[in-house]
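4 protein chains.
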Amino acid sequence: MNPRGVFAPIPTPFDDDERVDIARLRAALARWLTTPLTGLVVLGSNGEAVFLDELESDRVIATAREATPSGCPLIAGTGRESTQATVRASRRAAELGADAVIVRTPGFFRTQMTDDVLVRHYSIVADASPVPVLLYNFTAVTGVDLSPAAVARLARHPNVIGMKESGGDIGKIAQLVDTTPESFAVLAGSATTFYAALCLGAAGGVLAIASLVPEACVRLYEAAIVGRHDEARSRQRQLIPLARLLGPVYGVAGLKAALNSAGCDVGIPRGPLVPLPDTATMAVRDVLARFDEISLVPR
Amino acid sequence: MNPRGVFAPIPTPFDDDERVDIARLRAALARWLTTPLTGLVVLGSNGEAVFLDELESDRVIATAREATPSGCPLIAGTGRESTQATVRASRRAAELGADAVIVRTPGFFRTQMTDDVLVRHYSIVADASPVPVLLYNFTAVTGVDLSPAAVARLARHPNVIGMKESGGDIGKIAQLVDTTPESFAVLAGSATTFYAALCLGAAGGVLAIASLVPEACVRLYEAAIVGRHDEARSRQRQLIPLARLLGPVYGVAGLKAALNSAGCDVGIPRGPLVPLPDTATMAVRDVLARFDEISLVPR
Amino acid sequence: MNPRGVFAPIPTPFDDDERVDIARLRAALARWLTTPLTGLVVLGSNGEAVFLDELESDRVIATAREATPSGCPLIAGTGRESTQATVRASRRAAELGADAVIVRTPGFFRTQMTDDVLVRHYSIVADASPVPVLLYNFTAVTGVDLSPAAVARLARHPNVIGMKESGGDIGKIAQLVDTTPESFAVLAGSATTFYAALCLGAAGGVLAIASLVPEACVRLYEAAIVGRHDEARSRQRQLIPLARLLGPVYGVAGLKAALNSAGCDVGIPRGPLVPLPDTATMAVRDVLARFDEISLVPR
Amino acid sequence: MNPRGVFAPIPTPFDDDERVDIARLRAALARWLTTPLTGLVVLGSNGEAVFLDELESDRVIATAREATPSGCPLIAGTGRESTQATVRASRRAAELGADAVIVRTPGFFRTQMTDDVLVRHYSIVADASPVPVLLYNFTAVTGVDLSPAAVARLARHPNVIGMKESGGDIGKIAQLVDTTPESFAVLAGSATTFYAALCLGAAGGVLAIASLVPEACVRLYEAAIVGRHDEARSRQRQLIPLARLLGPVYGVAGLKAALNSAGCDVGIPRGPLVPLPDTATMAVRDVLARFDEISLVPR
Chain A
2 MNPRGVFAPI PTPFDDDERV DIARLRAALA RWLTTPLTGL VVLGSNGEAV
52 FLDELESDRV IATAREATPS GCPLIAGTGR ESTQATVRAS RRAAELGADA
102 VIVRTPGFFR TQMTDDVLVR HYSIVADASP VPVLLYNFTA VTGVDLSPAA
152 VARLARHPNV IGMKESGGDI GKIAQLVDTT PESFAVLAGS ATTFYAALCL
202 GAAGGVLAIA SLVPEACVRL YEAAIVGRHD EARSRQRQLI PLARLLGPVY
252 GVAGLKAALN SAGCDVGIPR GPLVPLPDTA TMAVRDVLAR FDEISLVPR
Chain B
2 MNPRGVFAPI PTPFDDDERV DIARLRAALA RWLTTPLTGL VVLGSNGEAV
52 FLDELESDRV IATAREATPS GCPLIAGTGR ESTQATVRAS RRAAELGADA
102 VIVRTPGFFR TQMTDDVLVR HYSIVADASP VPVLLYNFTA VTGVDLSPAA
152 VARLARHPNV IGMKESGGDI GKIAQLVDTT PESFAVLAGS ATTFYAALCL
202 GAAGGVLAIA SLVPEACVRL YEAAIVGRHD EARSRQRQLI PLARLLGPVY
252 GVAGLKAALN SAGCDVGIPR GPLVPLPDTA TMAVRDVLAR FDEISLVPR
Chain C
2 MNPRGVFAPI PTPFDDDERV DIARLRAALA RWLTTPLTGL VVLGSNGEAV
52 FLDELESDRV IATAREATPS GCPLIAGTGR ESTQATVRAS RRAAELGADA
102 VIVRTPGFFR TQMTDDVLVR HYSIVADASP VPVLLYNFTA VTGVDLSPAA
152 VARLARHPNV IGMKESGGDI GKIAQLVDTT PESFAVLAGS ATTFYAALCL
202 GAAGGVLAIA SLVPEACVRL YEAAIVGRHD EARSRQRQLI PLARLLGPVY
252 GVAGLKAALN SAGCDVGIPR GPLVPLPDTA TMAVRDVLAR FDEISLVPR
Chain D
2 MNPRGVFAPI PTPFDDDERV DIARLRAALA RWLTTPLTGL VVLGSNGEAV
52 FLDELESDRV IATAREATPS GCPLIAGTGR ESTQATVRAS RRAAELGADA
102 VIVRTPGFFR TQMTDDVLVR HYSIVADASP VPVLLYNFTA VTGVDLSPAA
152 VARLARHPNV IGMKESGGDI GKIAQLVDTT PESFAVLAGS ATTFYAALCL
202 GAAGGVLAIA SLVPEACVRL YEAAIVGRHD EARSRQRQLI PLARLLGPVY
252 GVAGLKAALN SAGCDVGIPR GPLVPLPDTA TMAVRDVLAR FDEISLVPR
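Protein chains in written order, with my numbering: chain A, 2 to 300; chain B, 2 to 300; chain C, 2 to 300; chain D, 2 to 300.
For the record, the hints were derived by calculation from the structure and aren't laboratory data. Any given hint could be a false lead.
Unchecked claim - If you want a taste of the chain A side facing chain B, the calculated C-beta under 8 Å gives, among others:
#, residue
1, E19
2, T112
3, P273
Think of the CB as a built atom: it goes at the ideal place given N, C-alpha and C, for glycine as much as any other residue.
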């Protein structure tokens, strides 16, 4: 398991009654597996993992594993608020065939999440997990910031192989690369910072829009890796308006509306989230129309 | 169910292996039921509800109901990130005998939590819940702020009977009282603002330290209600150092250490939280020593 | 100089070319001096002090002193970013007849503003100032929070007689009262928290809307002080919508539009601030119409 | 005036009585002018401009102009809180020979600083300034964020030639480059993001540490511009620990201590800032020792 390249954290399809829709999930997986993506992440933030119970989570992982050939890395989100629950979810994910787990920081008791507490939490999880662990820092959502110093300590654990950093502070990405071994993979979690992160030594990205425009993301990655910087910069600029719209502005509902518009049926989000309103969907379609790889379905 | 007075959101005892400890819970409940507290809240933030799975949650409610006479209001925290899961938890809590449920705002997708989204979420929950619903706003933890305008809309729902506001902004408390009907109970969620909230028309409080110093909290409430303002102010000042220490500074671990020091055995917190270090426990004991109702157990 | 009661931090009138308008200032002062206000503050935040140069500042103080009888306390804002400049401004204000100075925390280099740095800054100013000094904490504007611990240290200085706290956290007000001597006056800086602050032992308030509805503010103060809590609460509730509108929402431009609407001509704000748009002025007038003491001038 | 390359925002030397020290300034300027820096910025944030009165500001600009050959661009910070004062300062700077002015956003009334207000402010300044204007966004200090949309509007003004963006969000830098004409220079204001900003099309940087390690900054710039990305990345990594230490951690006092340690005597900061404590100076010296171009003076 070498987490270098472009990973898509895929959404979890729901039907009109907000139930996990396994048929839609299978169809969408079949589509993603024809793309040049390096691998898939299930049950990430954009997978609405916080809305799923443990049984639903297991079904999503099992379905994804079944559909995904063993050569294609499958990573499962298993972060929970309690350390014990995270350990149990990681063990189950491994049993169901995940190649690695990605564990976001607990955040409910954020004022208590010191470096020491987080290092202890991740060490217990990494000790117990049968598959490698990726750290996952998403301060905008959790209110917790996993510091470079804490990451440097955790990078020494043999079962901690990398990290997804979703913040936009490129200086932190540089510090993470600088204070961890070569073998530790720092992955950008924000498409707007992807090219800059690669310039500074990031190993790849886990990008929400990679499930929507995989070609554009992978071509950017390749251009940056081989040193075609003009191409990489121009591809990066093309991605930013889409990333801004589907990240901070419309969120999961926006991503689902975009995928539906592009012919990849992922249904609606689960409440309290609501489907994207029509006017917003039109705005999303306008941005999507700029991408060659997308064929918009008629409304 | 008339939520006026002083409610204690009780901690959930764990044993040394971090399992829910029903025996300790029963013993602690017996103790709290001898106090002048108006009622109890199980599975609140300080009950470490985010660390419990659904089965554990049910056992805590059932145990509390068994121990609590029907005259003593029992409120259960049933907020989950998804609307569906909140509905299911509320129905189960009602079946298990809770007199009301208290539902904190979802927060994971905070940028999407507009007034409309939150009103829709709570309306679905209130429609479905067999027992009355209390709103619960805790911005410091969830990153979401339930606005006075949204509360005013929800206060018109016949099954929404009140709200716990944990923020320290007394102007917001005044607005909440002012824009909701007399019958809607605004409850302070922060012991440092309790007296000021009562002055402005709050109906009572749901105060973490009420499980520790119930006498002091109830005496403050009574003094304020009958207009003994000098006494109320002086009792309020006495509570502040304790509330500051056990709220923002030491959190749940501090509250558990304090209860253990006062002879009410509630065990340790669940990981990633860690038991309070010894030096911090000494600081807590120093503040506790100022309360007549507390007899410190030897260390 | 005993800063107890209700103080109005008055706006600085500008003419249509944004010059300090001494004639308008004199006329407005004459009006304020017929009200039951305890005293006046010139060159506060709402006085647009940051827009005035040193000569303009001096003219405002001199004009106010000339108009204000010696029995009516006149306080001048003299906070500057540098310690030296604050000392010089305080000395000049004293020469020009100010009874006291009010000094907001420096904020430009906010990450360096530790307790020690702020205690040093205020101690140098208090040593040098010929008239008593009031501390002034306005975190929403400066990004700096003067802590209760720092205030407790400064309250021991014989020339530091009180503090204006503009934050809405009533728990902090209670701590400030609790950790300073009786003689140290804690003044609320936010009209939405005024009654609650008085309940907890505050000595009064420095309230932007006191220049607009002095009667309402002073009657609230008197009711709270003598223990007519029902009246105080009801007056407090009346003030909140006005305070919200003119504080966080419309700011100085809103206050000036409100005063102009009430027949007290204070002109326009200085750029980059712009006069309040017409629709917003209508909203302000709607709220003003609820106050008996206000006679709206025709538009 | 073409603001491409590496600019040093130089500190303002003070003597032991905190007076502007023109002799020290001249000596330091002579030193900076032997380096490969593209140009100098006086009266920036790190120049402690907020501590200087108008006369002191003028002397600093005049001294810098006298020392700086006409081929070396000299930029003066002229941002004030009021629009009028900013216009006046910009005119004086131009008279004193500044080649351009750099104007930070006003911030005191931050809640009122909408896009429209900021566009109006900068348009008035740009209309009036005899020399070209650079926008300057420093949200961490001002609390105001000049949005890409506002910048796009201002970039159409013929006298607005570029912008310094001090935030670390590389996605915003990319948007700024993308939504402004080729001729508009986006300059990084944070040394930790310098290389990434250049990758995304930034024209250069205004970097506090450029006054300390000009060689290292200019070599990074050249490597990035000609496409020696491995060298650029490695130079970027070398700069980060120094930039972190002298930016968010020790600030101006740290920069002055570092320059003094490197033999460039710039005296102490002005109060309320205090000289860097000895232990912190030792930490700074340790990081400085890693740079070839620095010869530490004995302590």
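Going through the hints against the structure:
{"no.": "1", "hint": "E19", "in the structure": "holds (6 Å)"}
{"no.": "2", "hint": "T112", "in the structure": "holds (6 Å)"}
{"no.": "3", "hint": "P273", "in the structure": "holds (4 Å)"}
Consistency with the previously given hints is maintained throughout, with no hint failing.
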